[in-house]
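Just so you know, the protein sequences line up as chains A and W, in that order. Each residue of the first sequence is one higher than the one before, starting from 1 at the first, in the numbering used here. Each residue of the second sequence is one higher than the one before, starting from 1 at the first, in the numbering used here.
Errors might be hidden in some of the hints.
Stated by the list, open to error - In silico negatives: residues of chain A with every beta carbon more than 12 Å from chain W:
| id | residue |
| --- | --- |
| 1 | Thr-80 |
| 2 | His-85 |
| 3 | Asp-88 |
| 4 | Ala-105 |
| 5 | Val-116 |
To be verified - Simulated crosslink set (PhoX-like; lysine-lysine; CA at most 20 Å straight-line):
| id | chain 1 | residue 1 | chain 2 | residue 2 |
| --- | --- | --- | --- | --- |
| 6 | W | Lys-97 | A | Lys-55 |
| 7 | A | Lys-41 | A | Lys-14 |
| 8 | A | Lys-14 | A | Lys-66 |
| 9 | A | Lys-55 | A | Lys-66 |
| 10 | W | Lys-52 | W | Lys-3 |
| 11 | A | Lys-64 | W | Lys-97 |
| 12 | A | Lys-66 | A | Lys-20 |
| 13 | A | Lys-41 | W | Lys-107 |
| 14 | W | Lys-52 | W | Lys-69 |
Simulated from the structure, these hints should not be mistaken for laboratory data. If you're wondering where the values come from, they're calculated on a predicted model, not measured in any experiment. Glycine is no exception: its CB is placed at the ideal position from the N, C-alpha and C atoms.
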Amino acid sequence: GAVVSQHPSRVICKSGTSVKIECRSLDFQATTMFWYRQFPKQSLMLMATSNEGSKATYEQGVEKDKFLINHASLTLSTLTVTSAHPEDSSFYICSAGSAGPNTEAFFGQGTRLTVV
Amino acid sequence: DAKTTQPPSMDCAEGRAANLPCNHSTISGNEYVYWYRQIHSQGPQYIIHGLKNNETNEMASLIITEDRKSSTLILPHATLRDTAVYYCIAVTGGGNKLTFGTGTQLKVEL
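Excised from the complex, chain W in its bound form (with noise of 0.2 Å):
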């Protein structure tokens, strides 16, 4: 799987959008770009994944650059239960084993 980077912590207004950046740049052009996220002390949650193209669903929204070298999860109207740790997550299929790097800790405040 490809390496991940991400900012290790994000700060965010309740009812702003929330933007979270993640660099990989050596992701193959068979791996898909998954987010999930953790709150405290909780499973992981899955958000959204994509591969080329941006996707949106009903919890965010996943910007990818042309190079699939970088992407962007946008929570839209962020609210104080999207603070959490997020994961972005570059592999083949999300149903297989992952493998995390630190994430990025949002804290959305009043």
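Isolated chain A (complex conformation) (with noise of 0.2 Å):
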């Protein structure tokens, strides 16, 4: 199946600093990807959009200032959480498919965000 790599895995960062998050569809071409948050004991949930060429489409509650998505490429799409806090400590995913029905999304490994 196709193959979704998201890089770093782990990383931890200094409170009020800005970590780049990077996810790539290695053998297809994504016009949309998907960003998700999860927080321990909790499930996935959506923050936003990436749509290539445009912005992002942000859920509500999710602050655009904060966490910037560029998807400049067809096959990359970067998350940047800004200013970190530790409140923002998770497990961020993101997920790649073909759009359209009877379709299947192809998640990336995760990249596990410590702020301290």
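Both chains are sitting in their own frames, so use the hints and assemble them into the complex.
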């Protein structure tokens, strides 16, 4: 099946700094990618839809100025957590897939962000 | 996307079949039933999906009731590596954004 690669798998950063997470579709082109966040013992929550060549669409309650998304090519979307705080510590996961019915999503391995 | 309801947890003995139920009583005609699983600290993994007919692949079987209001994911011979949270999602296209519920924590034991 298709592969989505996420990097880094783990990152520790100091409070107030910014962290960039990359999501790549390795063997297919993805005009749309999705970013999710998962806190311990909770389910995945959709943060935003990343659209190639245009602005991302954010879910209600997600600050677009804090979570910057760039989707500059058909195989790469990046999520930058700006001015990170300890409460931003979470598991961030991206996915990509073909639009339309009867398709499936492919997920990255996830990025464990710890803000100290 | 239609809301889905799953039991929070299930146990299964290794080598036995694991049958995971899901209710989706408000599913619409163009929504598929998708199953994903998430092993601890990993990204979700696609398992199977179906619209009306039962489906089978190398990982599992999916049984959908005739009225499409519920379904069952069957892992025919569960192994310890099948211990994970299993999510049932009703959506028109799995490549679209997904709304994850709380899922079922399946624990496979010796």
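A quick look at each hint next to the structure:
Against the 12 Å criterion, Thr-80 (chain A) stays outside the reach of chain W, whose nearest CB is about 19 Å from its own CB. Distance check on His-85 (chain A): its Cβ is at least 22 Å (rounded) from any Cβ of chain W, clearing the 12 Å threshold; non-interface status holds. Annotated as non-interface, Asp-88 (chain A) keeps its C-beta farther than 12 Å from every C-beta of chain W; the closest such distance is 18 Å. The beta carbon of Ala-105 (chain A) is not kept farther than 12 Å from every beta carbon of chain W, the shortest such distance being approximately 5 Å.
Every C-beta of chain W lies more than 12 Å from that of Val-116 (chain A), the closest at about 19 Å, which supports listing it as non-interface. For the proposed pair Lys-97 (chain W) and Lys-55 (chain A), the alpha carbon gap of about 16 Å is at most 20 Å, so the pair holds. Between Lys-41 (chain A) and Lys-14 (chain A) the alpha-carbon distance is near 24 Å, which puts this suggested pair outside the 20 Å criterion. The hinted pair formed by Lys-14 (chain A) and Lys-66 (chain A) meets the criterion: a straight-line CA distance of about 16 Å does not exceed 20 Å.
For the given pair, Lys-55 (chain A) sits about 14 Å from Lys-66 (chain A) by alpha-carbon distance, which is consistent with the 20 Å threshold. Using a Cα cut-off of 20 Å, the hinted pair Lys-52 (chain W) and Lys-3 (chain W) holds, with the two alpha carbons roughly 17 Å apart. Our distance criterion of 20 Å between C-alpha atoms is met by Lys-64 (chain A) and Lys-97 (chain W), whose separation comes to about 18 Å. Restraint check for Lys-66 (chain A) and Lys-20 (chain A): satisfied, since their Cα atoms lie roughly 12 Å apart, inside the 20 Å limit.
Between Lys-41 (chain A) and Lys-107 (chain W) the CA atoms are separated by roughly 15 Å; this keeps the pair inside 20 Å, and the hint holds. Between Lys-52 (chain W) and Lys-69 (chain W), the direct Cα distance comes to roughly 10 Å. Compliance with the 20 Å bound is thereby established for this hinted pair.
In terms of the numbered hints stated before, the structure departs from hints 4 and 7, listed from lowest to highest.
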